[in-house]
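Going down the list, the protein sequences come from chains L and P. If you're matching positions, the first sequence starts at 1 in full-length UniProt numbering and goes up one per residue. If you're matching positions, the second sequence starts at 1 in full-length UniProt numbering and goes up one per residue.
Hints were generated in silico from the structure; no laboratory data involved. A hint or two may mislead.
[Said to hold, decoys possible] Dumping the calculated DSBU-like pairs for lysine-lysine here, alpha-carbon to alpha-carbon at most 35 Å:
id, chain 1, residue 1, chain 2, residue 2
1, L, Lys262, P, Lys169
2, L, Lys383, L, Lys169
3, P, Lys262, P, Lys321
4, P, Lys70, P, Lys226
5, P, Lys70, L, Lys383
6, P, Lys164, P, Lys48
7, L, Lys70, L, Lys169
8, P, Lys383, L, Lys321
9, L, Lys262, P, Lys262
10, P, Lys70, P, Lys169
11, P, Lys70, L, Lys169
12, L, Lys321, P, Lys321
13, P, Lys70, L, Lys262
14, L, Lys321, P, Lys48
[Said to hold, decoys possible] Label-pair ranges, simulated between beta-carbon atoms:
id, chain 1, residue 1, chain 2, residue 2, range
15, P, Gly356, L, Gln365, 50 to 60 Å
16, P, Asn303, L, Met219, 28 to 38 Å
17, L, Thr4, P, Gly304, 38 to 48 Å
18, L, Arg216, P, Ala12, 43 to 53 Å
19, L, Asp104, P, Asp236, 50 to 60 Å
20, L, Thr264, P, His382, 19 to 29 Å
21, L, Asp236, P, Gln337, 48 to 58 Å
22, P, Ala13, L, Met219, 43 to 53 Å
23, P, Asn303, L, Gly298, 41 to 51 Å
24, L, His208, P, Ala286, 50 to 60 Å
25, L, Thr264, P, Asp236, 14 to 24 Å
26, P, Gln337, L, Met219, 28 to 38 Å
[Said to hold, decoys possible] Covered by chain L, according to a simulated footprint, are these stretches of chain P (three or more residues, beta-carbon under 8 Å):
id, stretch
27, 48–59
28, 109–118
29, 210–216
30, 389–401
Ideal placement from N, C-alpha and C gives every residue a C-beta, glycine not left out.
Protein chains: 2
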Amino acid sequence: MTNTQPITLNPAASRDAQLADLLTQIMEIFSVSDAEGPLADETEAFLKRQPHLTVRRHGDTVVASTDFGKASRVILAGHIDTVPVIDNFPPRWLEPGDPLIREDIAEAHPDERVLWGRGATDMKASDAVMLYLAATLDGRTPQTTPKVDLTYVFYDHEEVAAEKNGLRKVVEAHPDWIQGEFAIIGEPTNCGIEGGCNGTIRFDVVTHGVAAHSARAWMGENAIHKAAGILNRLNDYQPATVNVDGLDYREGLNATLISGGKGTNVIPDECRVHVNYRFAPDKSLAEAKALMMGADAGAELGNGEHVATGGVFEGYGIEMKDESPSARPGLAAPLAQDLVRLVRERTGREPLAKLGWTDVARFSQLGIPAVNLGAGDPLLAHKHDEQVPESDLSALADLLLAWLV
Amino acid sequence: MTNTQPITLNPAASRDAQLADLLTQIMEIFSVSDAEGPLADETEAFLKRQPHLTVRRHGDTVVASTDFGKASRVILAGHIDTVPVIDNFPPRWLEPGDPLIREDIAEAHPDERVLWGRGATDMKASDAVMLYLAATLDGRTPQTTPKVDLTYVFYDHEEVAAEKNGLRKVVEAHPDWIQGEFAIIGEPTNCGIEGGCNGTIRFDVVTHGVAAHSARAWMGENAIHKAAGILNRLNDYQPATVNVDGLDYREGLNATLISGGKGTNVIPDECRVHVNYRFAPDKSLAEAKALMMGADAGAELGNGEHVATGGVFEGYGIEMKDESPSARPGLAAPLAQDLVRLVRERTGREPLAKLGWTDVARFSQLGIPAVNLGAGDPLLAHKHDEQVPESDLSALADLLLAWLV
């Protein structure tokens, strides 16, 4: 048993002190992936002490909802696990001038305290702000009543394999818990908006030949030589940049693995080129596949090799290996437009497209537009010297309060 | 200890009976590679009983020489090991009509006994003829005095890795034992001449790139895509057929292996294409390498990657992996011309080029022209139903006696 303290909020303290205190408390509870239990326990207990919240738990994922009878609902989600610690636990507040403060942070935030340690940016700073909002947006006064109902999701196992992901699990087990018109995941973005994401498919493109001894090569058919056509098509392909809802999504088509041959003196009878297509959210999975192999090739995960009937690899063998749909940024809705405008006013930043596949796509698959928006510098995530300046907490809280209330 | 009988020759029997008896005796002595000792022992003892021979042994290789004071010397060589047995040891004489006789052999040799079992064609039939010649060409009468001195080599470990090869070892340890103007290896050729051999070099052609996450492919450089140029050059290459000393050598240039990539979502930073060039004996090793990578690329076995300065793969990285020189057929010398004429008269067959690398190339490297010429069908070598019709022995003996005496 880890001996943890209950998470508390001092009602007499200033807002900034409350935010810093919440962050300190949750960073002091060790929560590397697979060890989220104690932090999930204290998070659940803290939320249950707020009478305006309905709190539910699945595994180490805690879901808390308001029920103010609003027409719309917004989901605020944050993972509570961290990557493994590297001598950066427990956390420490660094006073101005401390040599552990990174130069870039010291320059941007002189005379400011910095919280150093595992999880500072990825993503306990955002978690602390969400806990603050969960406790204080209680519907008791106009200043503490949001324009929308809110669902807070604190989930486990984001930093490891997708099959362990707590958000995925709660969505599958309790889809009714995760409903709303818009979602924010508090991944570090320096309070900018990063929206949607490219989809990705991976498949083998296969050539076949006839084996023979390489001293009698004319008795065989060289499958590796045939793969020249595959690589030539990859080189001829011009990846597009596609604008979706105002964001630019850069596509990519790449061989990531190649293998072929049975021995140094054997004409190879098979060659496999593993191809990864990253496609913009203007395309469905089916559309992306059609562009690669034709609409009716019939290649599906686990059903073996099929001949591409069209697309880039027409005529070659195709074996599907992996697929994940794209997610539109969902910035067209009025709620989202308000957020974009607020972020532009306060930070001068335009929304950016997310390139890799992230948890926002899970919401997108549920039909819930979602973006990443969180405190802290994303470049410090997973770093040994992960740290966040104290004012990042209030910057995020200000932004969300201005949007929500 | 294997309990073997001494090899004997009945002076009262007919020549054909003597040949059949010798083959039976040596096939009854198990001699799969690594177990040649007993057969080497009996071969050595048999040869030592011939007073006109000087017999020497290195490992399980036995070398026996005449010293008739002739101006020229011919080497007759045969390996005594076999590939592993597959229910085809000990050997059996099959009478005409026996269902174990292959149809093709029964058709070509009706009413003839067939010796069935491991080593029948590869190559104890030829070994038996050589033992017969070693015992009977004794220099005592004009009919038993060859026009040349003879050196008989019975060697071990031909059917396994080259580093174990007994012919290679005796050539390295005792170069003075293996001298002559011409050599015949009795590999099965149906008594045809197969001469010289292509050389072979193997090398990796390497491309380099820059690794990156495949969601941000433009941050990297795809080494597999770059390999398109290597495969295109292979496809553009037109392998030649080169006539050397009247024989046609068909060349070949092939990728036999390809590999590249570090993970399904990583832009690959290296791709290796393993290439095998089989070149005709009009080219030295250096000339063959120059055609692939330029004369001054500097790539040698074990010295890592160099840039090809010319040739087919100019501009790519090259790492040498293996090299073996070609061997000219050496059919220009009068001795060889006599043999070619005799084979043509008796079998109607013209000499053929050897395509793979064989032990004749070892003699070629010593400056001794060499060909394969032996009893039995080469297509039956290593087969479960390996067998040889009795008359193949006298056909080979007739041919060699007509040439030598």
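Here's how the hints hold up against the structure:
no.	hint	result
1	L:Lys262 <-> P:Lys169	holds, 30 Å
2	L:Lys383 <-> L:Lys169	holds, 28 Å
3	P:Lys262 <-> P:Lys321	holds, 22 Å
4	P:Lys70 <-> P:Lys226	violated, 62 Å
5	P:Lys70 <-> L:Lys383	violated, 85 Å
6	P:Lys164 <-> P:Lys48	holds, 25 Å
7	L:Lys70 <-> L:Lys169	holds, 27 Å
8	P:Lys383 <-> L:Lys321	violated, 41 Å
9	L:Lys262 <-> P:Lys262	holds, 20 Å
10	P:Lys70 <-> P:Lys169	holds, 27 Å
11	P:Lys70 <-> L:Lys169	violated, 92 Å
12	L:Lys321 <-> P:Lys321	holds, 34 Å
13	P:Lys70 <-> L:Lys262	violated, 50 Å
14	L:Lys321 <-> P:Lys48	violated, 68 Å
15	P:Gly356 <-> L:Gln365: 50 to 60 Å	holds, 58 Å
16	P:Asn303 <-> L:Met219: 28 to 38 Å	holds, 34 Å
17	L:Thr4 <-> P:Gly304: 38 to 48 Å	violated, 56 Å
18	L:Arg216 <-> P:Ala12: 43 to 53 Å	holds, 48 Å
19	L:Asp104 <-> P:Asp236: 50 to 60 Å	holds, 53 Å
20	L:Thr264 <-> P:His382: 19 to 29 Å	holds, 20 Å
21	L:Asp236 <-> P:Gln337: 48 to 58 Å	holds, 57 Å
22	P:Ala13 <-> L:Met219: 43 to 53 Å	holds, 44 Å
23	P:Asn303 <-> L:Gly298: 41 to 51 Å	holds, 50 Å
24	L:His208 <-> P:Ala286: 50 to 60 Å	violated, 37 Å
25	L:Thr264 <-> P:Asp236: 14 to 24 Å	holds, 23 Å
26	P:Gln337 <-> L:Met219: 28 to 38 Å	holds, 32 Å
27	48–59	violated (count 0)
28	109–118	violated (count 0)
29	210–216	holds (count 4)
30	389–401	violated (count 0)
Comparing the model with each earlier hint shows violations of hints 4, 5, 8, 11, 13, 14, 17, 24, 27, 28 and 30; every other hint is respected.
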